[in-house]
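From first to last, the protein sequence lines stand for chains A and B. Straight run, no breaks: the first sequence in the numbering used here ends on number 524. Straight run, no breaks: the second sequence in the numbering used here ends on number 1023.
Each hint can be trusted.
Capping the alpha-carbon separation at 30 Å, the derived lysine-lysine pairs in BS3-like fashion look like this:
id, chain 1, residue 1, chain 2, residue 2
1, A, Lys520, A, Lys441
2, A, Lys284, A, Lys324
3, B, Lys790, A, Lys367
4, B, Lys856, A, Lys271
5, B, Lys827, B, Lys790
6, B, Lys845, A, Lys279
7, A, Lys520, B, Lys733
8, A, Lys279, B, Lys846
9, B, Lys827, B, Lys870
10, A, Lys284, B, Lys807
11, A, Lys521, A, Lys367
12, B, Lys733, A, Lys521
13, B, Lys733, A, Lys368
14, A, Lys441, B, Lys856
15, B, Lys734, A, Lys439
16, A, Lys521, B, Lys807
17, A, Lys271, B, Lys827
18, B, Lys1000, B, Lys961
19, A, Lys367, B, Lys870
These aren't lab readings, by the way, just hints derived from the structure by calculation.
Each chain, letter by letter, is given below.
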Amino acid sequence: MVNIVKMDIYRLFKSTSYKVMMLLVVIFNFIDAPVGWALIKLAKRMGTKDTGNWPSTVKLSSFVSEPLGWLTGIFILMSVVWFSYSDLGHGYIKNIAGQLPKKGQTVISKFIAVELHNLILMIIAVISNTLGYLPFSKIDLTTGLAGGIRSFLLKYLLLMAISAIVLFFSTGLKSKNAATVIAILMGSKLLQLSYILINMGLQKIPFSFMKDFDISKYMPDSLITSDSPPVVRSLIVSACFIVVLINLTISIFNKKDIT
Amino acid sequence: MGLIMETQALTKTYGKKDACKDVNIKIREGEIYGLIGRNGAGKTTIMRIISGLSRATSGTYSLFGKTGGEMRKELRNVGVLIEHPGLYPKLSARENLKIKCIGMGVDHSKEYIDNILQTVGLENVDNKKGAGSFSLGMKQRLGIGLALVGEPKMIILDEPINGLDPQGIVEIRHTLAKLRDEKGITIMISSHILDELGKLADSYGIIHEGRLLDQFTASELHKRCGQFVAIRTGNNEKAISLLKKAGIRNIETDNDGRIRVNEHLDESDKMAKAIVNANIPLKEIYINDISLEDYYLSVTGGEHNG
Ligand SMILES: Nc1ncnc2c1ncn2[C@@H]1O[C@H](COP(=O)(O)OP(=O)(O)OP(=O)(O)O)[C@@H](O)[C@H]1O
Ligand SMILES: [Mg+2]
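Based on the provided sequences and hints, a complete structural model is requested.
What follows is the structure, encoded as structure tokens:
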């Protein structure tokens, strides 16, 4: 088991798509400050009112608590799709799966490598976002940092749950397309639109306890978008999604032939 | 030689179609076993099950005499190349090999990987070149190399010489013979190129429409269809006793009513002379030379492999 985890981590660091995604995460987080700064300058020059002022000081904690800003979430999830599908897509899995005590071990090792991948990309997002602000603002390193780190860890956990969902599609169902669609829908928050519809539908059910049910409170992709996700619920939701989906993926993967 | 692998009534059904049915294959330790059959016969299906990549619908198989969970552990010693080589196209041959070495927890030093590259004839390949840009033959070689990672006792190669040029085919044949002779690796190989398989394998299985029609060793094949002097006479009984008196022992009549002399092939002229001199009507006498391909066609019932 340890060996295939090592193998997956090795191939992660060797993969081109991972390096490309890393570069994109760096660029898009780094340009956040310069672009914002330039836009305010431009607006002022054109005489627009209410442009707001560029903050003279920014808190490190605000970057730490928001590691998945703008396109970062989609980039990371797309990278998860590519990485988790590549051994199946290229057929490399055939070289080794039969020689392992259990084929399903490859699902767990892949999930572990994906989690390392997510953590690295999230940290890189925070660092490049912060560095982008350096020329324009002072950075307050300490205020609210504990809360920021808590938020970071909860989002990491929720992203782990979303990755488990993606893995279910890419590795369990062996569908790169379905995994890509899910990754984009969840990464772009678009899937949350469907929760509104589901809630509306649930409210039509004539049971009083369903009246106040809000599915978005229990989905990792909606919890992850709040500034400070509720601790206990995030923990429970993530744990449930991870345990259920990884087990499901393993059992499907064990049953299916490797072709 | 003991059996290294044996299947019992191995069956795989897709929907209503039996991709293979009641297959009983016996592979002996240290031999090269050739699996022959036309497109869609079920070769890949069988090899995939034996490699642990797919499950049989029914039936079992044993490895090194072990079954069930014990057998599952033995699968570690079975390297495989099934259909197209599964390679990461952007990574070099060396990196592709290294990934499996790490996954198997075996030596992944430069020397070990060099050794494998050399075995499969890829030692001179550009280290910066991605496997995706390799020629078909190079990919096949790398696929065999991957099967060899971790010192397997047996390797299963599904059509490893398909698409190779004649020179490449000969090289792979030498490589496989060397693996068998020097390392004692048992090899199961499927191919359409019966001529080549005929030069290499020690045993054969003929699979047709999912069923194993025949299974035999190379010497049995030789006996059944290799070279012999075929003689047709007006009185076989008399001719046989005559030839026996002349010191020929390996002699029989076959189903076609021919006398088959399996020795002294270079003395067919003397045999003809003796028969004629004894006034036995000699209808024809010739050296019969049937290849594996002819035998395969006769077993599977005729027309050429399409
Ligand atoms: N995943 C699958 N689903 C449905 N049918 C399949 C599947 N895999 C194989 N078959 C069928 O099983 C039969 C045997 O296929 P198999 O690939 O084992 O043949 P083969 O002897 O390897 O042929 P080839 O020489 O073309 O490689 C074929 O009729 C094929 O259509
Ligand atoms: Mg095949």
